[in-house]
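Novice: Listed below are the residues making up each chain.
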Amino acid sequence: GAVVSQHPSWVICKSGTSVKIECRSLDFQATTMFWYRQFPKQSLMLMATSNEGSKATYEQGVEKDKFLINHASLTLSTLTVTSAHPEDSSFYICSARTGEKPQHFGDGTRLSIL
Amino acid sequence: QKEVEQNSGPLSVPEGAIASLNCTYSDRVSQSFFWYRQYSGKSPELIMSIYSNGDKEDGRFTAQLNKASQYVSLLIRDSQPSDSATYLCAVNILGNTDKLIFGTGTRLQVFP
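Chains as they are written, first to last, in the working numbering: chain G, 1 to 114; chain Y, 115 to 226.
Hint data in this document are derived by calculation from the structure and do not stem from the laboratory.
A couple of the hints might just be wrong.
Stated by the list, open to error - Simulated restraints on C-beta separations:
1. Y/Pro195 - G/Asp65: 17 to 23 Å
2. G/Glu22 - Y/Pro195: 30 to 36 Å
3. Y/Ser154 - G/Ser83: 36 to 42 Å
4. G/Ser83 - Y/Arg174: 29 to 35 Å
5. Y/Ser196 - G/Pro102: 37 to 43 Å
To be verified - Simulated pairs of lysine to aspartate or glutamate, DMTMM-like, Cα-Cα distance not exceeding 20 Å:
6. Y/Lys156 - G/Asp88
7. Y/Lys213 - G/Glu87
8. G/Lys66 - G/Glu22
9. Y/Lys156 - Y/Glu117
10. Y/Lys213 - G/Glu59
11. G/Lys41 - Y/Glu119
12. Y/Lys213 - Y/Glu117
13. Y/Lys156 - Y/Asp197
14. G/Lys20 - G/Asp88
15. G/Lys101 - Y/Asp172
16. G/Lys41 - Y/Asp197
17. G/Lys101 - Y/Glu159
Note that CB positions come from ideal geometry on N, CA and C, so glycine has one too.
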């Protein structure tokens, strides 16, 4: 149980492109989903917390107009990186939880902006 | 001071030995503590969660929590080469039980 699916696994695109990443909880309803970013040899950095049907809460220093988060249902959240640039290249990971249970992570999306 | 601190390692242990991974945290009122395993290029996988002082055992893994010392550890018995990974300690943050702060991780190498 507690399977989280993330798609796509890899994205390579040109600078200025917008990229959408999907995160789905497959066998449970996720009351909260989280989006993290991880640069090489660094730990996970929380970008935003998303509750179904409400606006995401962004961490300090994360531009909400650049990283658009939509959590339209209890099983799906999306992160759109708008007008991506090379400095946005990173490993983006979503996680999901229900109630007070631990977070479970998706497989991550490796984003490379040329 | 970082909120969650771990020795980056690598920690090298021979196959069959006990690997001991340590983590300290700064928020005295944190309530929930987690250990995640992350293989290179992969996302974290939950190994253990612990909420009260003492030991919690699950198979070859034992988590130990000492809130007075603000210290949480993970012991891996009978270490296997497949245990080689980065182990992330995560702690909840006061005021928002949903928000986890991760340490930078300890890289474990188990050699045959």
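Novice: Next step is simple, just say for each hint if it's right about the structure.
Specialist: Against the structure, the hints:
Judged by the Cβ atoms, the range 17 to 23 Å given for Y/Pro195 and G/Asp65 is violated: they are separated by roughly 46 Å. The beta-carbon spacing between G/Glu22 and Y/Pro195, approximately 34 Å, falls within the hinted interval of 30 to 36 Å. A hinted range of 36 to 42 Å for the beta carbons of Y/Ser154 and G/Ser83 is inconsistent with their spacing of about 30 Å. For the pair G/Ser83 and Y/Arg174, the supplied restraint of 29 to 35 Å is violated, since their beta-carbon distance comes to about 47 Å.
As the Cβ distance of Y/Ser196 to G/Pro102 is approximately 22 Å, the hint placing it in 37 to 43 Å is violated. With a C-alpha separation of about 19 Å, the suggested pair Y/Lys156 and G/Asp88 falls inside the 20 Å cut-off, and the hint holds. Between Y/Lys213 and G/Glu87, the direct Cα distance comes to roughly 25 Å. Violation of the 20 Å bound is thereby established for this hinted pair. As the CA atoms of G/Lys66 and G/Glu22 are separated by approximately 16 Å, the hinted pair is consistent with the 20 Å bound.
Between the alpha carbons of Y/Lys156 and Y/Glu117 the distance comes to roughly 24 Å, so the proposed pair goes past 20 Å and is violated. Under the criterion of a C-alpha separation no larger than 20 Å, the hint pairing Y/Lys213 with G/Glu59 is consistent with the structure, at around 10 Å. For the proposed pair G/Lys41 and Y/Glu119, the alpha carbon gap of about 15 Å is at most 20 Å, so the pair holds. In summary, the hint linking Y/Lys213 to Y/Glu117 is supported, as the alpha carbons are separated by about 13 Å, within the 20 Å threshold.
A hinted pair counts as satisfied when its Cα atoms are at most 20 Å apart, and Y/Lys156 with Y/Asp197 qualifies at roughly 14 Å. With a C-alpha separation of about 13 Å, the suggested pair G/Lys20 and G/Asp88 falls inside the 20 Å cut-off, and the hint holds. Note on G/Lys101 and Y/Asp172: the hinted pairing holds, with a Cα-Cα distance of about 17 Å set against a maximum of 20 Å. The hinted pair formed by G/Lys41 and Y/Asp197 meets the criterion: a straight-line CA distance of about 18 Å does not exceed 20 Å.
For the suggested pair G/Lys101 and Y/Glu159, the alpha carbons sit about 14 Å apart, so the restraint of at most 20 Å is met.
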